[in-house]
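Given chain B's structure and the hints, the job is docking chain U onto it.
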Amino acid sequence: MFEIMDKRTIGPGIILMKVKAPLVAGKAMPGQFIMLRVSEEGERIPLTIADYDREEGSISIIFQEVGYTTRDLGMLGVGDSIRDFAGPLGKASKLDNHGRVLCVGGGVGIAPLFPQIKYLNSRGTDVDVIIGARNSDCLILVDEIKACSSNVYVATDDGSSGHEGFVTDVVKRLIDEGNRYDLVIAVGPLIMMKIVSSITKEYNIPTTVSLNPIMVDGTGMCGGCRVTVGGKVFYACVDGPDFDGHLVDFDEAIRRQQMYKEEEKVEHSCRLLPNE
Amino acid sequence: MSLVLTRVPVGEQEPEVRKHNFNEVSLGYTLEEAIQEAKRCIQCKRPRCVDGCPVNIRIPEFIDHIANGNIDRAAEIIKETNNLPAICGRVCPQEEQCEVKCILGIKGEPVAIGRLERFAADYALEKAKKGPVPMGNGIKVAIVGSGPAGLTAAADLAKYGYEAHIFEAFHEPGGVLIYGIPEFRLPESLVRKEIEGIKDLGVQIYTNIIIGKTITIDELLEQGYEAVFIGSGAGLPRFMNIPGENLNGVYSANEYLTRINLMKAYDFPNNHTPIKVGHRVAVVGGGNVAMDAARSALRLGADEVRIVYRRSEEEMPARSEEIHHAKEEGIVFDTLANPIEIMGDNGWVTGLKCIRMELGEPDSSGRRRPMKIQGSEFIQDVDIVIMAIGTSPNPLIVSTTDDLAAHGWGGIIVDEETGSTSKDGVYAGGDAVTGAATVILAMGAGKKAAKAIHERLKAREDLLLPL
Numbered sequence: 001m002f003e004i005m006d007k008r009t010i011g012p013g014i015i016l017m018k019v020k021a022p023l024v025a026g027k028a029m030p031g032q033f034i035m036l037r038v039s040e041e042g043e044r045i046p047l048t049i050a051d052y053d054r055e056e057g058s059i060s061i062i063f064q065e066v067g068y069t070t071r072d073l074g075m076l077g078v079g080d081s082i083r084d085f086a087g088p089l090g091k092a093s094k095l096d097n098h099g100r101v102l103c104v105g106g107g108v109g110i111a112p113l114f115p116q117i118k119y120l121n122s123r124g125t126d127v128d129v130i131i132g133a134r135n136s137d138c139l140i141l142v143d144e145i146k147a148c149s150s151n152v153y154v155a156t157d158d159g160s161s162g163h164e165g166f167v168t169d170v171v172k173r174l175i176d177e178g179n180r181y182d183l184v185i186a187v188g189p190l191i192m193m194k195i196v197s198s199i200t201k202e203y204n205i206p207t208t209v210s211l212n213p214i215m216v217d218g219t220g221m222c223g224g225c226r227v228t229v230g231g232k233v234f235y236a237c238v239d240g241p242d243f244d245g246h247l248v249d250f251d252e253a254i255r256r257q258q259m260y261k262e263e264e265k266v267e268h269s270c271r272l273l274p275n276e
Numbered sequence: 277m278s279l280v281l282t283r284v285p286v287g288e289q290e291p292e293v294r295k296h297n298f299n300e301v302s303l304g305y306t307l308e309e310a311i312q313e314a315k316r317c318i319q320c321k322r323p324r325c326v327d328g329c330p331v332n333i334r335i336p337e338f339i340d341h342i343a344n345g346n347i348d349r350a351a352e353i354i355k356e357t358n359n360l361p362a363i364c365g366r367v368c369p370q371e372e373q374c375e376v377k378c379i380l381g382i383k384g385e386p387v388a389i390g391r392l393e394r395f396a397a398d399y400a401l402e403k404a405k406k407g408p409v410p411m412g413n414g415i416k417v418a419i420v421g422s423g424p425a426g427l428t429a430a431a432d433l434a435k436y437g438y439e440a441h442i443f444e445a446f447h448e449p450g451g452v453l454i455y456g457i458p459e460f461r462l463p464e465s466l467v468r469k470e471i472e473g474i475k476d477l478g479v480q481i482y483t484n485i486i487i488g489k490t491i492t493i494d495e496l497l498e499q500g501y502e503a504v505f506i507g508s509g510a511g512l513p514r515f516m517n518i519p520g521e522n523l524n525g526v527y528s529a530n531e532y533l534t535r536i537n538l539m540k541a542y543d544f545p546n547n548h549t550p551i552k553v554g555h556r557v558a559v560v561g562g563g564n565v566a567m568d569a570a571r572s573a574l575r576l577g578a579d580e581v582r583i584v585y586r587r588s589e590e591e592m593p594a595r596s597e598e599i600h601h602a603k604e605e606g607i608v609f610d611t612l613a614n615p616i617e618i619m620g621d622n623g624w625v626t627g628l629k630c631i632r633m634e635l636g637e638p639d640s641s642g643r644r645r646p647m648k649i650q651g652s653e654f655i656q657d658v659d660i661v662i663m664a665i666g667t668s669p670n671p672l673i674v675s676t677t678d679d680l681a682a683h684g685w686g687g688i689i690v691d692e693e694t695g696s697t698s699k700d701g702v703y704a705g706g707d708a709v710t711g712a713a714t715v716i717l718a719m720g721a722g723k724k725a726a727k728a729i730h731e732r733l734k735a736r737e738d739l740l741l742p743l
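Those protein sequence lines, which keep their order, are chains B and U. No gaps in the numbering here: position 218 of the first sequence is 218 in our numbering, and each next residue is one more. So the number in our numbering is just where the residue sits in the second sequence, counting from 1, plus 276.
Among these hints, one or two may not hold up.
Okay, derived cross-link-like pairs now, EDC-like style, lysine to aspartate or glutamate, Cα gap no bigger than 16 Å in a straight line [what the hints assert, rightly or not]: (1) B/K27 / U/D494; (2) U/K727 / U/E693; (3) B/K20 / B/E41; (4) U/K648 / U/D610; (5) U/K416 / U/E352; (6) B/K232 / U/E521; (7) B/K27 / U/D621; (8) B/K146 / B/D126; (9) U/K406 / U/E495; (10) U/K540 / B/D53; (11) U/K540 / B/E40; (12) U/K315 / U/E352; (13) U/K435 / U/D476; (14) U/K416 / U/E731; (15) U/K727 / U/D679; (16) U/K540 / B/D176; (17) B/K201 / B/D176; (18) U/K629 / U/E653.
Cβ-Cβ distance ranges computed for the label pairs, FRET-style [claimed, not checked]: (19) B/G26 / U/K321: 25 to 35 Å; (20) U/C320 / B/K232: 53 to 63 Å; (21) U/A404 / B/S39: 22 to 32 Å; (22) U/P519 / B/K146: 17 to 27 Å; (23) U/A681 / B/S136: 51 to 61 Å; (24) U/D679 / B/E56: 29 to 39 Å; (25) B/K232 / U/E692: 48 to 58 Å; (26) B/E56 / U/D348: 49 to 59 Å; (27) U/V553 / B/D169: 39 to 49 Å; (28) U/H296 / B/G26: 40 to 50 Å.
Note that these hints are calculated values from the structure, not bench results. Bear in mind the structure is a predicted one, so any value in this text is a computation, not a measurement. We put the beta carbon where it would ideally sit given N, CA and C, even for glycine.
If we strip away everything but chain B, and leave its shape as in the complex, we get (with noise of 0.2 Å):
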């Protein structure tokens, strides 16, 4: 059992959770993720990691309260354990000797930006970013990205913050105003790191997408979270979660986050993540 250290909602239907998990804390790296039940007839379900400690030996988690698992870990609160918690999975995402980086994170796919730009800041290395939600309540994690970044750009669909519309539109913004970047790192919604990379395609700037497609134990051993990149297949859990965001087929990937639609149809008003 993993015992809730702090549990903080950070917006609507969205919750921070800190979870005593030392093992897992000290071996994480920025970019992987977990494995986690709620209980004993929870679903298995990955998470990324959102921050690590390895003195205090927790592993922060940031989700939205969107399906089953989801809304059964919210109603968790501090001093509550969570089952199952298995992890770091995945391989950490590649982040060292980098130029000029541009984070670009939209929905709850800005929580796993987050340890990588603090890696990022942390190694010296020149970080802008770019977030992007529905509206101003739905950002997430605003003021500690911009205490470990150069410059943040905000977008929201309603204008409620920053620029009124997408992060793409930003991206694209601020590329034609001469910004040079060594990598561009797109978490967020499928269809976001789509039209991220195919901007940058345009302009030949390296750019790495976190995969987080359905799986059952994280992994190798079910294959249900295999991406085609590269006109190769990869399982996500194992060979990702970040990918080549130029040679991922996005739209299969859209299409395979549908397996499940009819048995997931959960309303909710403020989701970000559509479909996850």
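Frame of chain B; chain U shown alone:
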């Protein structure tokens, strides 16, 4: 005494009934039936059946005790060499191991050794009492994976006196016994009881720990484990690499069975893991896993389930009993057919395009090689396709361990007699070494490695082993 050439039949759920439930198909012998069957054994002076058993159970001896009504003693004898008898009694391919060597098999049916093993084991499990945990010698050995190889190695090591610690990646111990083999062949409650029995020997099981990720083998050795046994299985599913394999509705058998067995998707939404039932299901492959997937699909409620296999039924690697059961339940067998494309519409599976095959000369496996018949393509309307064409060892451990040698296909390279790997103090066995094989072979490998680990540590003067 005259020979009885036919076996005492065993009760089974009727096909029409069982295809709608996940309960066990075989009901097992009653006491009277078991005694009657046991009396068929002629107690050979040099029993060939024992040689056929990968863990050399003293078969005539335990059968003799059943014949005399002394079931407890029969179970004890089996347990001396087999730590998981209720499991082996169900899933071992006895027809090609012990029973195939039975002298009665020459003129009639061999003694039903598997059914008798199951009977004695179940009888003992019913009455199992928790004894005191034996005092260990304080020397720690790590076991990676809690499937048949790991459980056996751990149990034997505990019996030798070691502190055996099993690390399991999933939330539930049992490996393929829990995630792979369905309830109707091997009830989960029984696997749990067998595992409890192993814990009673003093074995500790830590779940949710992925060796290679959470902790590495090298770290285990640094942290005071004097030896490590890797029994991590062959969990990586293979696909055919044909067009359409990433359509929605295509599963690996591993994923399909894990959703059903480990995650209980058959009980959705009470259990929260979903599964697509579909109407017409095609399972590609001819092994036990293919039979398990097909029969599970039927039980979930699919209208029609077919096995698609590129050779003929004769070459199918599945146990004949499983093929027989599958047919009884109404699974369609489409043999000498090989899929070449999965057809789809709007991203979902709509059909399976196959080509007819014919058998040519024997290939390296000794089976006649299937060859395409040009122009014989045909399409089956299906909405679910399950790929059950094999699995390979997971590269996770090999890729994160210094100096651990493996074959190109992933199998860890070991000394066959001891299970020792290229890395000092590290042993391996089961599917992680052989690729997908049987429960009993994995158990045999676990046993050998436990013995070899014991020999090694016994010889270490610095450990002051109290012997």
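Here is what the structure says about each hint:
| no. | hint | result |
| --- | --- | --- |
| 1 | B/K27 / U/D494 | holds, 14 Å |
| 2 | U/K727 / U/E693 | holds, 10 Å |
| 3 | B/K20 / B/E41 | violated, 22 Å |
| 4 | U/K648 / U/D610 | holds, 15 Å |
| 5 | U/K416 / U/E352 | violated, 27 Å |
| 6 | B/K232 / U/E521 | holds, 12 Å |
| 7 | B/K27 / U/D621 | violated, 43 Å |
| 8 | B/K146 / B/D126 | holds, 13 Å |
| 9 | U/K406 / U/E495 | violated, 34 Å |
| 10 | U/K540 / B/D53 | violated, 35 Å |
| 11 | U/K540 / B/E40 | holds, 10 Å |
| 12 | U/K315 / U/E352 | violated, 19 Å |
| 13 | U/K435 / U/D476 | holds, 11 Å |
| 14 | U/K416 / U/E731 | holds, 15 Å |
| 15 | U/K727 / U/D679 | violated, 23 Å |
| 16 | U/K540 / B/D176 | violated, 52 Å |
| 17 | B/K201 / B/D176 | holds, 14 Å |
| 18 | U/K629 / U/E653 | holds, 7 Å |
| 19 | B/G26 / U/K321: 25 to 35 Å | violated, 59 Å |
| 20 | U/C320 / B/K232: 53 to 63 Å | holds, 56 Å |
| 21 | U/A404 / B/S39: 22 to 32 Å | holds, 29 Å |
| 22 | U/P519 / B/K146: 17 to 27 Å | violated, 48 Å |
| 23 | U/A681 / B/S136: 51 to 61 Å | holds, 56 Å |
| 24 | U/D679 / B/E56: 29 to 39 Å | holds, 34 Å |
| 25 | B/K232 / U/E692: 48 to 58 Å | violated, 35 Å |
| 26 | B/E56 / U/D348: 49 to 59 Å | holds, 53 Å |
| 27 | U/V553 / B/D169: 39 to 49 Å | holds, 43 Å |
| 28 | U/H296 / B/G26: 40 to 50 Å | holds, 48 Å |
Violated hints for the displayed structure, listed by number in ascending order: 3, 5, 7, 9, 10, 12, 15, 16, 19, 22 and 25.
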